[in-house]
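Starting from the given sequences, assemble the full structure and let the hints guide the process.
These protein sequence lines are chains C and L, in that order. Numbering (the working numbering) for the first sequence: 3 to 295. Numbering (the working numbering) for the second sequence: 3 to 276.
Don't take each hint at face value.
[Said to hold, decoys possible] Each pair of labels, with its calculated beta carbon distance range:
| hint | chain 1 | residue 1 | chain 2 | residue 2 | range |
| --- | --- | --- | --- | --- | --- |
| 1 | C | Gly99 | L | Asp254 | 54 to 60 Å |
| 2 | L | Gly135 | C | Leu159 | 45 to 51 Å |
| 3 | C | Ala251 | L | Glu132 | 35 to 41 Å |
| 4 | C | Leu171 | L | Ala237 | 58 to 64 Å |
| 5 | C | Leu281 | L | Gly111 | 30 to 36 Å |
| 6 | C | Arg56 | L | Gly244 | 47 to 53 Å |
| 7 | L | Val260 | C | Gly99 | 51 to 57 Å |
| 8 | C | Ala112 | L | Val258 | 46 to 52 Å |
| 9 | L | Arg141 | C | Gly190 | 56 to 62 Å |
| 10 | C | Asp184 | L | His197 | 23 to 29 Å |
These are calculated hints, taken from the structure and not from any lab test. Glycine is no exception: its CB is placed at the ideal position from the N, C-alpha and C atoms.
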Amino acid sequence: MTMLDAAIFQGLTWNLVDDARQLVSYPFMVNALEAGTIAAVMAGTTGWFMVLRRQTFAGHPMSMIAFPGAAAASLAGLPIALGYFGFCGLGALALAGIAGSRQSLSGESAAIGSLQALALGLGFLFVSLYHGVLNGLGSLLFGTFLGITHEQVIVLLAVASVAVALMALMARPLLFASIDSDVARAAGVPVGLLGTGFLLTLGLAVAATSQITGALLVFALLVMPAATAHQLTARPFLGIALSVAIALAVTWIGLALAYFSIYPVGFYVTSVAFALYVLVRIARTPALTTAPA
Amino acid sequence: MSSNDTAVRFERATASIGGRTIWSDLSLTAERGEFVAVLGPNGAGKSTLINAILGLQPLSAGTAAVLGLRPGAAKARIGYLPQRHSFDSSIRVRGIDLVRLGLDGARWGFPLPGLPRRAAESKRIDEVLELVGATAYARRPVGELSGGEQQRLLIAQALVRRPEVLLLDEPLDSLDLPNQAAVASLVRTICREEHVAVLLVAHDINPILSYLDRVVYLAAGSAIEGTPEEVISSATLSRLYGAPIEVLRASDGRLVVVGQPEAPFVHGHRHDHA
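Next up, the structure:
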C-alpha cells in the first residue's frame, strides 16, 4: 500500500493541514482552486435544473461544442475562454431553435446528434490545422488544472456572476415551467422564453466547466452532483444548495488528489462524483417505501 | 341568486376554428357556488368552451361574460387545470412545492424564507391541502403518488389563489371509478365552501351525477344547458342530436345513453362501444 502511495501520490504527507497549506502555496494551484470553485457553483445550479428538465442530452452536445470552440480559439491565437463561451452560446441558440421547432422527439434527438457529430469533427479539424503544436488535445477533452491564469479566473468570475444571477432570477418560474409547462403557461409564465434563457445559461456553465474538466468530462460536474442531490431531497431549493455543495466538494477533492498524484484531475473529479452518486443510490434503495423528507 | 354571483354567462355563442363551426347557439349560466359539468362526445368542443371562457378562443357570434368582464380580462381570478397526463415517476419535487407554485410560480426570483408574506402563503397552502385531503402525502415526491393523489394536489394548486371560477378539463380521466366519485364529491365541497363556480369537463356523467348542479351537453354542433334531469333525457338528447337517442336508467341509478354517435361527424363504419 505504501509503495503504491509513494508512486501515485507524491509529496502527500497525510497531515491534512500541512497538505492543504502546501496546496495553496502555489499560485497556479490557487488559480485552479478558484476557477474550480466558480465552475462548481455554476454547474451545481444549472445542473440541478438540467436533471429536473431531463435535458441531460442538451447538455451533452453543448460540451461537444465546447471542444471545437477551444480548438478554434487556439488556432486563431485568441484566448481559449473566448472559444468556449462563444461556441457554447451559439450551441445553446441552436439547441433552443431545435427544441422550439416542435419536432417529434426522434427528430429532435437526431438533430442534436448531428450537431454533436459536426462539433467533434470540427474540433478535430482545428486541432489538425494547428499542426500538432497544440499540446493540449488531451487537456481540451479531459481537462487540466495547470496553467489557469489569474485573468482567466477573473473572466470566469464575471461570466459566473451573470449566469448565477440569471438562474436566481429565473428560478421559480423555471421550476414551474419544468415541472408542469401546461399549467405554468396558463398561469402566464413565459415557458418558451425561459427554455431558451435556461439553455443559454447552461451554455455558459458548460463553457466554464469545460476549462477545468475538459469538454468530455463536463458531465461529471454538471450531472452527477445534481442527480445525487435529486436523490437526497425532493425540496427544490434545498436540492439546488446540495447540488452546489456536492459539486464544490467533488471539485476540491479532485483538484487536491490530482495535485498530489500523477493522474489527471478529470479522472478524480469524475470518480469522486460517481462514487458519491452510487453511494446515495444504494443508501436510498431500501428506503423507497418510507416517506422521504 | 343576484347577478353579482354570475360567474360565467354565454348567450347564443358560436365558436369556429378555421372556418369550421365547433358549436353554435350555446347559452350557459354558471353561478358562484355551482358545480357545472361540461359533457359530450369526443370532438364536440368541450375544451373549446373552456378556451372561450379563458379568452383564448374568440367567439364568432353571440356574447360572453366571465365575472362580469369580457373573457380573458379576469384571468387572475380564474383557476385552470388543463387536460393532462400524470407526472413522470422520476420527478422528485414534493406535492406541497407543486401547490406553492400555484401561488408564486409566476413570480420572478427565488423564495426567501422568513418573509411575512411567506408565512401567510404557507397558511393558505395548508388550508387547501386540508380541503382536498392531501395533507398526509403532500411532503412526498409527486412522481411517487397515485393518479388520484396527483389530481387532488393539482386541484389544490388551482385553488390556492382563491379563484372565483375553477375550470377543470377532464380531471377524472385517468382515475378509477371510486376515485372519480371521490374527486367529484370533493369538487362539490369546494364549490360550497370556497363559493367558487366550477366547470368540469367530463367524459362519463355517471360517477359525478349525484354531485352536479347543472349540465352543459355539447353535441352535433350545438349545446343544451340545464339540470341533469332536464338534459340527460331521451327527448332532450334526441332533439340535440337530431336522431333518436334513448336514456335508460339502470337499477343502480346509472344513466345509459343509447344510440349516441361517438363524434358529431359519423364515419362510414360502426364502432362498438360498451
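Checked hints:
1. C:Gly99 x L:Asp254: 54 to 60 Å: 56 Å, holds
2. L:Gly135 x C:Leu159: 45 to 51 Å: 50 Å, holds
3. C:Ala251 x L:Glu132: 35 to 41 Å: With a Cβ separation near 40 Å, Ala251 (chain C) and Glu132 (chain L) satisfy 35 to 41 Å, so the hint holds.
4. C:Leu171 x L:Ala237: 58 to 64 Å: 60 Å, holds
5. C:Leu281 x L:Gly111: 30 to 36 Å: Since the Cβ atoms of Leu281 (chain C) and Gly111 (chain L) sit about 34 Å apart, the hinted range of 30 to 36 Å holds.
6. C:Arg56 x L:Gly244: 47 to 53 Å: Roughly 48 Å apart at Cβ, these two residues keep to the hinted range, so it holds.
7. L:Val260 x C:Gly99: 51 to 57 Å: Given about 52 Å between the Cβ atoms, the range holds.
8. C:Ala112 x L:Val258: 46 to 52 Å: 48 Å, holds
9. L:Arg141 x C:Gly190: 56 to 62 Å: With Cβ atoms ~27 Å apart, the hint is violated.
10. C:Asp184 x L:His197: 23 to 29 Å: Given about 27 Å between the Cβ atoms, the range holds.
Checked against the numbered hints listed earlier, the structure breaks hint 9 alone; every other hint is satisfied.
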